[in-house]
Amino acid sequence: MDALFHASPFTGYVYPNETLIPWTVLIVVYPYLTGLVAGAFTISSLYQVFGFNQLRPVAHFALLISLCCMLTVPIPLLLHLGHPERAFNAMITPHTTSAFAIFGYAAAFYVILLVLETWFVFRPHIVHQAQQQTGVLQWFYRILSLGSDDVSEKAMSYDRKWLFALAIIGIPGAHGLHGYVGFVFGSLKSREWWSSDLMPVIFLFSAIISGTALVVVLYVLSCKLRKVSVDLSCLKVMAYSLWGFMMFTLLIEGVEFASLVYRGREGIEVIMEFVKGPLVIPFFILQFGVGSVLPLAVITFLIWRGTSGTALVVGITGSAILVLLAVLMMRYNVVIGGQEISKTAKGLLAYHPPILGREGLLAAGIVLLIPMIMLSVMVRLFSPWHDATRAA
Amino acid sequence: MEQKEQLEKQQRERRDFLSCLGSAIACGAVTVAVSTASPAATAPTAGSAVPPIPDFDWSKHQWAFGVDAEKCIGCLRCVEACKRENNVPPDAHHFRTWVERYVTLEGEDKARIDSQADPANIEASGAEGQFRFANRYKDAKVEKAFFVPKLCNHCTHPACVQVCPTGATYKTEDGVVLIDHTYCIGCQYCVQACPYGARYFNEEKGVTDKCTWCYHRITKGLQPACVEVCPVGARIFGDRNDKQSLISQFIQNHRVQVLRPETGNAPNVFYVGIDKDVS
Numbered sequence: 001m002d003a004l005f006h007a008s009p010f011t012g013y014v015y016p017n018e019t020l021i022p023w024t025v026l027i028v029v030y031p032y033l034t035g036l037v038a039g040a041f042t043i044s045s046l047y048q049v050f051g052f053n054q055l056r057p058v059a060h061f062a063l064l065i066s067l068c069c070m071l072t073v074p075i076p077l078l079l080h081l082g083h084p085e086r087a088f089n090a091m092i093t094p095h096t097t098s099a100f101a102i103f104g105y106a107a108a109f110y111v112i113l114l115v116l117e118t119w120f121v122f123r124p125h126i127v128h129q130a131q132q133q134t135g136v137l138q139w140f141y142r143i144l145s146l147g148s149d150d151v152s153e154k155a156m157s158y159d160r161k162w163l164f165a166l167a168i169i170g171i172p173g174a175h176g177l178h179g180y181v182g183f184v185f186g187s188l189k190s191r192e193w194w195s196s197d198l199m200p201v202i203f204l205f206s207a208i209i210s211g212t213a214l215v216v217v218l219y220v221l222s223c224k225l226r227k228v229s230v231d232l233s234c235l236k237v238m239a240y241s242l243w244g245f246m247m248f249t250l251l252i253e254g255v256e257f258a259s260l261v262y263r264g265r266e267g268i269e270v271i272m273e274f275v276k277g278p279l280v281i282p283f284f285i286l287q288f289g290v291g292s293v294l295p296l297a298v299i300t301f302l303i304w305r306g307t308s309g310t311a312l313v314v315g316i317t318g319s320a321i322l323v324l325l326a327v328l329m330m331r332y333n334v335v336i337g338g339q340e341i342s343k344t345a346k347g348l349l350a351y352h353p354p355i356l357g358r359e360g361l362l363a364a365g366i367v368l369l370i371p372m373i374m375l376s377v378m379v380r381l382f383s384p385w386h387d388a389t390r391a392a
Numbered sequence: 393m394e395q396k397e398q399l400e401k402q403q404r405e406r407r408d409f410l411s412c413l414g415s416a417i418a419c420g421a422v423t424v425a426v427s428t429a430s431p432a433a434t435a436p437t438a439g440s441a442v443p444p445i446p447d448f449d450w451s452k453h454q455w456a457f458g459v460d461a462e463k464c465i466g467c468l469r470c471v472e473a474c475k476r477e478n479n480v481p482p483d484a485h486h487f488r489t490w491v492e493r494y495v496t497l498e499g500e501d502k503a504r505i506d507s508q509a510d511p512a513n514i515e516a517s518g519a520e521g522q523f524r525f526a527n528r529y530k531d532a533k534v535e536k537a538f539f540v541p542k543l544c545n546h547c548t549h550p551a552c553v554q555v556c557p558t559g560a561t562y563k564t565e566d567g568v569v570l571i572d573h574t575y576c577i578g579c580q581y582c583v584q585a586c587p588y589g590a591r592y593f594n595e596e597k598g599v600t601d602k603c604t605w606c607y608h609r610i611t612k613g614l615q616p617a618c619v620e621v622c623p624v625g626a627r628i629f630g631d632r633n634d635k636q637s638l639i640s641q642f643i644q645n646h647r648v649q650v651l652r653p654e655t656g657n658a659p660n661v662f663y664v665g666i667d668k669d670v671s
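Sequence lines, in order, name chains D and F. For the first sequence, position 216 matches number 216 in the working numbering, and the numbering has no gaps at all. Add 392 to a position in the second sequence, counting from 1, and you land on the number used in the working numbering.
Check each hint, because a few of them may be wrong.
[Said to hold, decoys possible] Residues from chain F that keep clear of chain D, each with C-beta distances beyond 10 Å, as calculated: (1) P444; (2) K536; (3) Y588; (4) E595; (5) V648.
[As the list claims (entries may be wrong)] For the chain D half of the interface with chain F, some residues (derived, Cβ under 10 Å), not all of them: (6) L4; (7) D231; (8) G264.
[Unchecked claim] Cross-link-like lysine-lysine pairs, in silico, DSS-like; alpha carbons within 30 Å at most: (9) F/K635 <-> D/K346; (10) F/K530 <-> D/K189; (11) F/K536 <-> D/K346; (12) D/K189 <-> F/K668; (13) D/K346 <-> F/K530; (14) D/K189 <-> F/K533; (15) D/K346 <-> F/K612; (16) D/K189 <-> F/K597; (17) D/K346 <-> F/K452; (18) D/K276 <-> F/K597; (19) D/K154 <-> D/K346; (20) F/K533 <-> D/K346.
Hints are computed from structural coordinates only; laboratory data are not their basis. Positions of the beta carbon are idealized from the N, C-alpha and C atoms, including for glycine.
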């Protein structure tokens, strides 16, 4: 029989109940996914709202990525709950002072918005397929068209107005949603590591860079799979965005850490012991060094040298993969790290995630794969490349 | 002509549908904004619904708890009684109450702290379900030593109640923080929010749990199990509405303090005889 729980060893003094870490790797995956949603949506909106036409080849693809990640977001949460069948209690009888209860509504609102926007974006494609396909697929597209098969210029201009409005609402929606995840952690006064007003901002900006990085990686990968050349100007704009947002994220993270140390409130000795000990590899080496400084240096070098061709694609894609790792490590260091520092401010816990089990690394890995599998089906059904090929 | 009319009708219907949808989304956004803006620090009570407990009116009581750390001898009978009375899992990671030992050795500035759940103490007791403090300082020069019993503080502004997404944990009219195990979804947000480490997750039941001041006993006029078994009277419980009760007298006759007042939680467990290291 599986052990009911995994207790963590500790040093110093920790409260007896603290030896069981409440939030595990599934709660690392959950803000990571919502972050990817916000980031990918930003890329899509830069085209849809702000007219960054260079992003046209990835705009619709980014929207699909955002949707697939968003549809996966509830899975790690449900897996984590002691009573997932009661999950809707939080929405049926929400406790209005709870950040979590309100999150349910914010997330549901955003899912509706995202689905609507995706429908408008792909409506011409759906209508076209409903007329072209036969059999089951025809029925599928017919149902999706919701009985509206008008793709005249007048109807399309009407659709465009809706798309613009949805994207405008979607920007604060997606960003608010993820900033709110930061609030779920930052508003807790019981943990010095989390309790910070900057937490929502840090979560938000790291979200944007992770989403952008994911769009970069998946776009390049899709080009290789489809044997299409990568649109370099599109890739460059994404690299510029990545660079800018990364700079800002690093600065805010630096400010947050500096003020934590400078304030030096109760428990700072234990926090410094944590930072200089268990945090060296996951934070300083993986998140800061390999995941942030290195890609930032690479992208700076590429821009400075005016690199082009395959070297640019490899450089930016490699950097984006490192950024994805950095943000995952950031989520881990915040969520798990915060719980490794005891509430007593006099001890440290060492959490070693199990590989198997409901809250193990394998389960978390599978959850992260779900949006990728969903996406591979979605791109076949909705062909987000339509614009790119037409433009080419 | 007919076709044109039909097309216009269809388009009109579509516009109406979309406008409707737009309004719905806008309404949703406003609702969320309003709900989010509601005052966060209020701790709603269970409302006016009176629990069907015979001969008990919860509006007539205001329970509180006292700990006289000067008296505690660290015998841990309270921990054992609590585990038995409340079916707390019998291991070293789930406690509704626990006892901390603070020992300052000669020449040291900070106290060494452990509880009965420390591996060295479990080794001395022989099993996780047996509780005793190992005599680990017998060869050391001890400058100061004392025990501090800990339990849920049943705060006036409980952070755990504030964060519960379903309202499964709530504050009763008579001042006790309880959990409805049939409604808790097991998200453990409350476990995170409690600054005192008083809550734990019961993996078998899939819900969080903590001290209830033995609500099933106090509403029948009995004392909590830990108070009942304490051989030295280090734990005091009673009704603050009764000025002659032991707890009222305890608070009146001592200079009491609470743990972590800076959190704003306003605990209702009052301590006497604790030191700077205790938090």
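Going through the hints against the structure:
1. For F/P444, the non-interface assignment is confirmed: its Cβ lies about 21 Å from the closest Cβ of chain D, beyond the 10 Å cut-off.
2. The beta carbon of F/K536 is kept farther than 10 Å from every beta carbon of chain D, the shortest such distance being approximately 16 Å.
3. The Cβ of F/Y588 sits about 7 Å from the closest Cβ of chain D, inside the 10 Å cut-off, so the non-interface label is violated.
4. For F/E595, the shortest C-beta to C-beta distance to chain D comes to about 4 Å, within the 10 Å cut-off, and the non-interface label is violated.
5. The claim that F/V648 is not at the interface with chain D holds, since no C-beta of that chain comes within 10 Å of its own (minimum 21 Å).
6. With its C-beta approaching chain F no nearer than about 4 Å, D/L4 sits inside the 10 Å limit, and its interface hint holds.
7. For D/D231, the interface hint is violated, the least distance from its beta-carbon to any beta-carbon of chain F being 33 Å, above 10 Å.
8. With a cut of 10 Å, the hint placing D/G264 at the interface with chain F is violated, because the nearest CB-to-CB distance is about 15 Å.
9. Pair hint F/K635 plus D/K346 does not hold up; C-alpha atoms about 38 Å apart against a cutoff of 30 Å.
10. With a C-alpha separation of about 39 Å, the suggested pair F/K530 and D/K189 falls outside the 30 Å cut-off, and the hint is violated.
11. This hinted pair checks out: F/K536 and D/K346 have alpha carbons roughly 19 Å apart, not beyond 30 Å.
12. Of the supplied pair hints, the one linking D/K189 and F/K668 holds, its CA atoms being roughly 21 Å apart against a limit of 30 Å.
13. A hinted pair counts as satisfied when its Cα atoms are at most 30 Å apart, and D/K346 with F/K530 qualifies at roughly 24 Å.
14. A hinted pair counts as satisfied when its Cα atoms are at most 30 Å apart, and D/K189 with F/K533 does not qualify at roughly 38 Å.
15. At roughly 39 Å between alpha-carbon atoms, D/K346 and F/K612 are farther apart than 30 Å, so this suggested pair is violated.
16. Of the supplied pair hints, the one linking D/K189 and F/K597 holds, its CA atoms being roughly 28 Å apart against a limit of 30 Å.
17. For the hint pairing D/K346 with F/K452, the CA-to-CA distance comes to about 40 Å; that exceeds 30 Å, so the pair is violated.
18. A threshold of 30 Å between alpha carbons decides the hint, and for D/K276 with F/K597 the separation of about 38 Å lies outside it, so the pair is violated.
19. Annotation: proposed proximity of D/K154 to D/K346 is violated, straight-line Cα distance about 68 Å (limit 30 Å).
20. A C-alpha spacing of about 22 Å is found between F/K533 and D/K346, which places the hinted pair at or below 30 Å, so the restraint holds.
When each numbered hint is compared with the structure, violations occur for hints 3, 4, 7, 8, 9, 10, 14, 15, 17, 18 and 19.
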